[in-house]
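Asker: Residue-level listing of the chains:
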Amino acid sequence: MFTLPLSFVFVILVGVSLFFFYFSKKSIVQKSAQIGQRSKTLSTYYGQNAFLWSFIPSCLILILISLAGPNYVDQIFFARVQELNPKFNDSFISLILSKVINVANGKIGTDDQKILTLANEYKIATEKLYFYRGLVVILCASMLGLLVSYLQKPKTNARDKVETFIINLFFISAVIAILTTASIILSLLFEALKFFNLYNFFEFLFGLHWAPNVAIRTDQVASDGSFGMIPVLAGTLLVSFIAMCVAIPVGLYSAIYLAEFAAPKIRDYIKPTLEILAGIPTVVYGYFAALTAAPFFRDVGGSIGLSVSSESALAAGAVMGIMIIPFISSLSDDVIRAVPQSLRDGSMGLGATKAETIYRVILPAALPGLVGAVLLAVSRAIGETMIVVMAAGLSAKLTANPLDSVTTVTVQIVSLLTGDTEFDDIKTLSAFGLGLALFFFTLILNVIALTVSRRLSERYE
Amino acid sequence: MDINRKNFTRSRKRVETRLKFYGLTSICFSLLMLATLLISIGLNGYTALQQAYFKISIPVDASEFTSEDGNILKNKINLYDWDGTVNRSFNKLFPEVKSRDDRKKLFSIISSNSGYDFKEIVKKRSLDKGKTVLTVWLSLSDDADQYLKGRLSKDIPEKDRRISNQEIKWVDSLVERKIAQLKFNKTFFTAADSREPESAGILGAVVGSALTLTITILFALPLAVMASIYLEYFAKPGKVTDFIEVNINNLAAVPSIVFGLLGLSVFLSTFGLPRSAPLVGGLVLGLMTLPTIIIATRASIRSIPPSIREAALGLGASKMQAAMHHVLPLATPGILTGTIIGMAQALGETAPLLMIGMVAFIIDVPSSFTSSATAMPVQIFMWSDSAERAFYERSSLAILFLVGFLIIMNLIAVVLRKKFEKRW
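Chains A and B, in that order, are what the protein sequence lines are.
Residue 96 in the working numbering sits at position 96 of the first sequence, and the numbers go up by one each step.
Residue 115 in the working numbering sits at position 115 of the second sequence, and the numbers go up by one each step.
No lab work stands behind these hints: they were computed from the structure.
Just so you know, not all the hints are guaranteed correct.
To be verified - Between beta-carbon pairs, the in silico distance windows are:
1) B:Ser99 <-> A:Glu127: 55 to 61 Å
2) B:Asn165 <-> A:Thr399: 57 to 63 Å
3) B:Lys6 <-> A:Pro295: 48 to 54 Å
4) A:Gln30 <-> B:Ile412: 46 to 52 Å
5) A:Asp111 <-> B:Lys178: 41 to 47 Å
6) A:Asp345 <-> B:Phe243: 38 to 44 Å
7) B:Ile412 <-> A:Leu84: 40 to 46 Å
8) B:Lys6 <-> A:Phe296: 45 to 51 Å
9) A:Pro295 <-> B:Arg5: 51 to 57 Å
10) B:Ser307 <-> A:Glu127: 54 to 60 Å
All C-beta atoms, glycine included, are put in the ideal place defined by N, C-alpha and C.
Can you make the complete structure from the sequences, with help from the hints?
Answerer: Below you can see the structure in the form of structure tokens.
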């Protein structure tokens, strides 16, 4: 049996759909000529209608089979391998299965006769799957295309039909945003619930000890691992606090200067430059924090007799603050400029200086927006990953000393999930617990921030 | 005017001066930090543009791996003792080194991939039959390279140094004989990752990033445009629409690592898509940049004056025709700007890619959307994590390229915005 690769099927699908486009277009002209009645809309709409009906559903089927099919085949063969080796546990069987798959794909060779036969069967099954995928998709496209072409009469309002179809398509793409949020929440909840089955929820939430070192082999002597989130959370808050100490004053004063004092020409140059700072990838800040800022703080601390950890919260937090400056300054700049000119004019007309206008009129008026900007920045600091992965530590300590090394939620997620871990391992699952906590924490901050700043824009509309 | 009032006015003026001063200081601080960042990375990285090479003449017996008609036999060329050939010739440059241990140390100053590199050179050249002597430039080891660039100082005590006094003598003698020098580091642009800094390059990561971004743009741009048009022109005000808007605004602020967790549990574990693949990376980054592009697209659609749409409607166009034929073409520059900014954000993103396994050590340039790959920022992350000094240098140079490219992308966005910004 010959194989039908995805790209080939797709090209044929496009071809079939295009055929129905021209076919419908031509046939509607013929039909209207036959009964001597003009078609209700332009002939191209009849073609488009047929094209959409033959292309979109088949395309969805193609994607669906391509996503689910190989998984289904794998499951069947997982059961087959299990039948052959009933004594082994699941992880060993998936190892054998991956060997079978690799042999089937010709990536490795083997002498084992059993694996060879299985690999052969696997190959045939996959080819079969691909063949049927192609068959089903092409058949579906042709049937639907034919059906729609046949049903279209000159009196059908094809344009209406095409537009309704497209609007529904547009609606689905808008709903993707909801789907994404829902799948984030569901997947995090699902994995986190598995974790809370193995580990007490309240101990996770209020535990004071974080040490996720579980035995790798069952016979190994090691601690059971404890997953108390508080020290990790405290570390996150410490780093974010330091970052905010840098970012809020610098960002706010920059925004005030840019919005109220700077000449338009200077503004035109400085704003894009600050945007460069915002566009630098976080991994670059992480590199800077780990290789330049951290040694600098350590040396300076050492020269005045302070012992600064080489993975100090101070270095990570300060560099994170620099990263967030343009974020705060550009948001606040927008907010300050959104304050109506009449307020400024009124204040100046009463004889206030520019500084007084700013402190007593503009800032209070812009306050909700500024609070929103700061909250968004805090949420960003909490969720920031690369800087802390590269510059902060791994061991969870409950400390408020900025010179000490702390760990953060994101660092723990990365360290728990990179490397080869079993998917149902308690360590892996605990990362999803942390992820869930992170998501809700930032979600609350974002929602407050968005509501507060919306109130501002409503006030001056 | 009495003195009190004069003082009062003066102090009011002072408040203003102080406020101005704070503002200027803040801006200068930000600019200074930007400069420090770029300059420190630039100083670290520019030396990686060069690599230490040595010139050597190596005798090869071509008859051992070529067929009668001069074609290279694949299985035989791989069996030929390339490492030994290079090492023996290198030993001839230092005839005084005889003992086994000393020779081992001697060979440590040339790249341990020398044999492989030499084989690749031989493959490219058409050789005469029988024995020939080839004169080629091969890489020195990363430590010798760092020493020649002055990054390993002789002042450090020998035991703390990665290169011993003896090795330094050998390298110096090569330089004296004018057969070792720094040359342009071509490998950095033509190779993928490697365990040895001298054979590591960014091509694999660049191709990986390109493949990933292709998926991202194919996935995010159409969805974003369709969603924006729906929300601007077709959505009926109500709970569903409000909910969609809240979701989009919130998604824009969700930490990127959460998208990585989503990719891990949905794309990898539920759908069973391959790990480390640009396909999955692209989808995750696409979901992440979707809200950014939607917000930009909606803003640019909204900036088109309603009169244009109303004129189209008045002439009998349907709502769809007015949107697709009249508003969308005018909004294209704005959409393009938003897309470029979104893509720049996706290109620099690292954390979600770590979650879906694009952090693997991969020595091949990825060839398809499902083959294992890594991306530029992840490569930078991995290199800055490794022990060799020479990798820091390469990491910095990779950063310079990445940041340079991002700045160009952003500049294009700014120029586009300026050029097409119409005052209606």
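Asker: None of the hints should be skipped; say for each whether it holds.
Answerer: Do the hints match the structure? See the list:
no.	hint	verdict
1	B:Ser99 <-> A:Glu127: 55 to 61 Å	60 Å, holds
2	B:Asn165 <-> A:Thr399: 57 to 63 Å	44 Å, violated
3	B:Lys6 <-> A:Pro295: 48 to 54 Å	52 Å, holds
4	A:Gln30 <-> B:Ile412: 46 to 52 Å	50 Å, holds
5	A:Asp111 <-> B:Lys178: 41 to 47 Å	55 Å, violated
6	A:Asp345 <-> B:Phe243: 38 to 44 Å	40 Å, holds
7	B:Ile412 <-> A:Leu84: 40 to 46 Å	58 Å, violated
8	B:Lys6 <-> A:Phe296: 45 to 51 Å	47 Å, holds
9	A:Pro295 <-> B:Arg5: 51 to 57 Å	55 Å, holds
10	B:Ser307 <-> A:Glu127: 54 to 60 Å	59 Å, holds
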